[in-house]
Structures are given as C-alpha cells and as structure tokens.
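Asker: Start from the sequences, fold in the hints, and give me the full structure.
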Amino acid sequence: MDDDDPNLKHPSDKQDNSGVSRRDFLKISGISVAVPLVAGPQAVMAAGQQVPVYGPGKVPMEFTINGKVHKASLEPRVTLLDALRDQFELTGAKRVCDRAECGSCTVLVENKPVYACSVLAIEAQHKAITTVESLMQAGKLHPLQQAFVENDASQCGFCTPGFVVACKSLLDKHPHPTPEDIRRGLSGNLCRCGTYAGIRQAMAQLSQKGA
Amino acid sequence: MRPFEYVSPTTKAQAVSLLGASWGGTEILAGGTDLLALMKDDIVSPKRLVNIKNIRDLRGISSSPQGLRMGALTTLADLADDAGIKKNYPALAEAAIEAASPQIRNMATLAGNLCQRPRCWYFRNGFGLLPKDETGNELVADGDNRYHAILGNEGPAKFVSPSTIVPVLIAYEAKIRLEGPKGKRELPLEKFFVIPKSENEREHDLGPNEIVTEVVVPPVPNAKIAHYEIRQKDVFDWPLAVAAVALKMQGSNVESARIVMGYVAPVPWMSPEAEQALTAQPLDQETAQKAAEAAVKDAKPLSHNEYKVQLARVAVKRAILKAASGGAA
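Protein sequence lines correspond, in order, to chains S and Z.
Residues in the first sequence are numbered from 1 upward in steps of one, following this note's numbering.
Residues in the second sequence are numbered from 212 upward in steps of one, following this note's numbering.
Because the hints were derived from the structure by calculation, they are not lab data.
Keep in mind it's a predicted model, so treat the numbers as computed, not measured.
Be aware that a few hints might be false.
Okay, derived cross-link-like pairs now, BS3-like style, lysine-lysine, Cα gap no bigger than 30 Å in a straight line [what the hints assert, rightly or not]:
hint: 1; chain 1: Z; residue 1: K297; chain 2: S; residue 2: K173
hint: 2; chain 1: Z; residue 1: K408; chain 2: Z; residue 2: K393
hint: 3; chain 1: S; residue 1: K127; chain 2: Z; residue 2: K408
hint: 4; chain 1: Z; residue 1: K223; chain 2: Z; residue 2: K395
hint: 5; chain 1: S; residue 1: K173; chain 2: Z; residue 2: K264
hint: 6; chain 1: S; residue 1: K112; chain 2: Z; residue 2: K251
hint: 7; chain 1: S; residue 1: K127; chain 2: Z; residue 2: K264
hint: 8; chain 1: Z; residue 1: K459; chain 2: Z; residue 2: K223
hint: 9; chain 1: S; residue 1: K68; chain 2: Z; residue 2: K223
hint: 10; chain 1: Z; residue 1: K264; chain 2: S; residue 2: K71
hint: 11; chain 1: Z; residue 1: K251; chain 2: Z; residue 2: K297
Answerer: Structure below.
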C-alpha cells in the first residue's frame, strides 16, 4: 500500500518501532495462546473459548454489494472503500480524505450512509452494501442523478457520487426535506468547487416532485 | 495502515482476555471513525485489533425507574433518534446530533466517543500527546496553540478533551462502567478523564485491557439542563468551546448547579466557582454573567488562544440562559 512506502519518514519511526514480533506478542499477552488449526483461520483461547484469528495475511471474504455476491482474499487492514475500488472495480465511491471527513466515499451499509474509508472490509461482510453504481437502471439515470444534471449540481464531479448517495439516503428518510434538513443531512459531504447551491436546488426540485 | 491480526470476540470476557496488558500491542475497534484514522497516520500501530461489535451485552438503550442505561456500542445516531432520550434527556439527544455528520453518527459509538483521542494537531502528526522537541522544550507552548487549553494547562498536557457529548453527560450525573481482568468497576464520568503527566500515561482512567461496557444516567433529574456549543462552522465542526449546565431549582432560585465546560482543558472542566456563583441566586442575565465570569476566572490562555476565554465565558452564559428558558430546543 502506498502509505507503507519505506521512504516516508515519520516522527514515530524510531529504531524500536518495529515492535515485538507476532510470536513475542502472543507470548507476552499472557492469557492468549495460539492454537493452530488444521485448516481455516488460526484461533486463540480467550476466556476458555476458541476465538478465530484473521490475518495479518490475506483472508477469504465475501460481500453482498448492490445485491450481488462478491468474493476476494484480502488482508484485515483493507478498508471497504479500497476493496470496492481495487477488487470489484466499483470506483464510484472516491478516496479523497481517507479520514472520515469529506464524504466522497459515502456508501450505504444496511441502508445507512457511512464512510467506506473508515469501515474495514472484513467487518462489512454479510451486510447489504449499496453503492452509487446501483442507482442507474437499464441505462437510465436515477431521478436524483437527473436532478443533479438539470440543476448543474456538479463541477469537477469528484465529490458527486458521495453527494448523490448522501442525498438518496436523506430523501429516503425525509421525502420532503426542509432547507434545515438538507443542510444538516448533507453536512458530512464537502465540495471544493462549491456546488452546494446546485445540490440544494436539485433536492428542492425532487422534494416538490416527491421523488 | 500496517498489517494486524483481527479478532471478533462475542463476550466481554473474551474481549478482555484478547487485549494486551500494556498499551501499544492491541486496540479496540468499535465504530472505527477515530481508530482507523490514527492507524492510517501511524499514531497507533496495533499488532491486533479486537472488534467488539459482535458482543451483544454491549448494545442497547433501556430506561427504567433506576434511570437510563446505554450500552457501549450505542451509536450517536441511536442516541439522537431514541424516543426515550429525546423525551427525557433532550440535551443529550441534541448533543449527539450536533456531534457529527450523519455518516459518522451511523458509525461512531458512545464508548468510542468517550475514548476518542485528542484532536491536537501535534498529537495527530506523531509528536506525542505531550509534544516536545529534541531538547525537551514543549512544542505547544511555543507553537500554534490556537485550539489548545486555557484551563488545566499548567502541566505538559495542553490538548483539549475532544468529546462534545461528555460535558452534557456529566451535567446529567452519568456514570461509566468498565470491565477488565480484575472485574467490573463504576466511576462518575468526570473521574474517567485524567490529565496525563508523562507520555506513557493516557487521558482516560482505562487500563489497556479494560473495556467500557455501558454508561448509566440516574432518573430524569428535576433540573433545568442545557448544552451550548460555539463552532466556526454551524454543523460538523470541532467546537471552540462547549458548556453544559444542570440547574436544580428551589422556587425561582438555583438550589445547586453543575457547570461543565468542554474544549477548554485536557479534561471536561467542571467549574465549582461558577456553580457557587449561581447557588441561591435567581436566573437572569446578571447572575448568568457572574457565573460565566467565575467559570473563566482562573483561565491561563496560551500565546495564541486568548480569544477562547471570551468564547468559553459566552458558552457558559448562554447555556445557563438556555437552561433557564427551557433547555434543549
């Protein structure tokens, strides 16, 4: 991964930063004892029961994205966003801040908007994941996407997929949002081009139509 | 993010035994909104992540004559949407809505909000919680400290406690429950936050192998309670000052008060001076102003944050007046 570039110096990169080896760690963590299994994940004993241990290497995972099952072998450190973009070619959700601030990676998990950059893929397994790619049906834009076009609600367009998903979630919850609902409901998405006025107009148009 | 192994216990006892006895090797994953960012920035690099989201006992909100119980995994969205909280603890529901964007509210948990690490930009850039240069000089005192502490900042800790819902929870006299290898314990929430004096201490009274299990609030208090935040942005922004007040009344006078400030000190800052100033007084502009003056009387701003003294004063005054006029909007 790009953030593991050895040339990237960091203040915490002291000589002992490599830390304890995994084996040492398991030894010193006391109660936990590694118990290798014949197949599948390893396990540790915890409070008298075996708990499976995944990683740090690749782990087989299975996802339900836009109603379809997708499989991949991924390390536990891979985020849902990176899995969508790099493994399943679902590049609608964008990687911008990668820190749960900008909203460009907004997807729905169990119908609730979340930042895909801040969910680990391994914990998104067996949950209904919905991305912006699901909105367009049979070559036809979703009314929300059409409203974005008609109201000039994007400029460079990089934040747009995240905004569209956040708008969809807001309209599902409040079909006729007040300006205050819109302002608060979209507070988790940023647009550096400043297309907020167009987005508000698109939402107002849909609110009148009751889309 | 550096590689780690991932475990997902289903009981509190399993979680406790999967955590390390010292900081650094393991981290607890709940909502992940703070932890994953810290891991991406190499501020923490655990060898093992203990996902606690599959532990049923840590979920749920329940009300009873004994009060309100909120499981550690309660999300901010749950807090904001819960009918009982909206009705009986409206200032808490309001603080939960104000705390973050819809996306974060759907992910972030109550326990994670209490245990989130400070937003101090020195800390977030890898210089430590009590940042020093090679010669031992404190970086914050001589550096850009515009968002740092104005109270409780005599020691090396100059960051501000980052939770915006903690002050109002303290106003409601909340208690936090923890579980670790030595069993369970309960603390008044204000005692959970400590000012670290050395780099190997944390800002919470929490052992490396302890977990927060729940937060309990006593029955709906017969008090006027309000929460007030001052931010640069109206929504989704870290505040510059927060105040929460709970005023128990006797007739038209204040019998006793709890006044808690946020974003002014390394811990949520209770102000006995302001509480004293309001006791046995009627509630009006003048008494609110006197209490607000008392709240910041001992403030010692750093080189770039004197403006925060006025903001904290205004936050306290407005929280008192908001409580007087009926509390949460």
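Asker: All the hints need checking, so say for each whether the structure fits it.
Answerer: Results of checking the hints against the structure:
1. K297/Z - K173/S: OK: K297/Z and K173/S at ~18 Å, within 30 Å.
2. K408/Z - K393/Z: The given pair, whose Cα atoms are some 25 Å apart, holds under the 30 Å limit.
3. K127/S - K408/Z: With a Cα-Cα distance of about 43 Å, the restraint between K127/S and K408/Z is violated, given a limit of 30 Å.
4. K223/Z - K395/Z: The hint holds at about 11 Å.
5. K173/S - K264/Z: 25 Å, holds
6. K112/S - K251/Z: Given that 30 Å is the threshold and the Cα spacing comes to 24 Å, the pair holds.
7. K127/S - K264/Z: Judged against 30 Å, a Cα distance of about 14 Å means the pair holds.
8. K459/Z - K223/Z: 37 Å, violated
9. K68/S - K223/Z: Not satisfied, since the Cα-Cα distance of roughly 34 Å exceeds 30 Å.
10. K264/Z - K71/S: Cα-Cα ~23 Å, so holds.
11. K251/Z - K297/Z: Cα-Cα ~36 Å, so violated.
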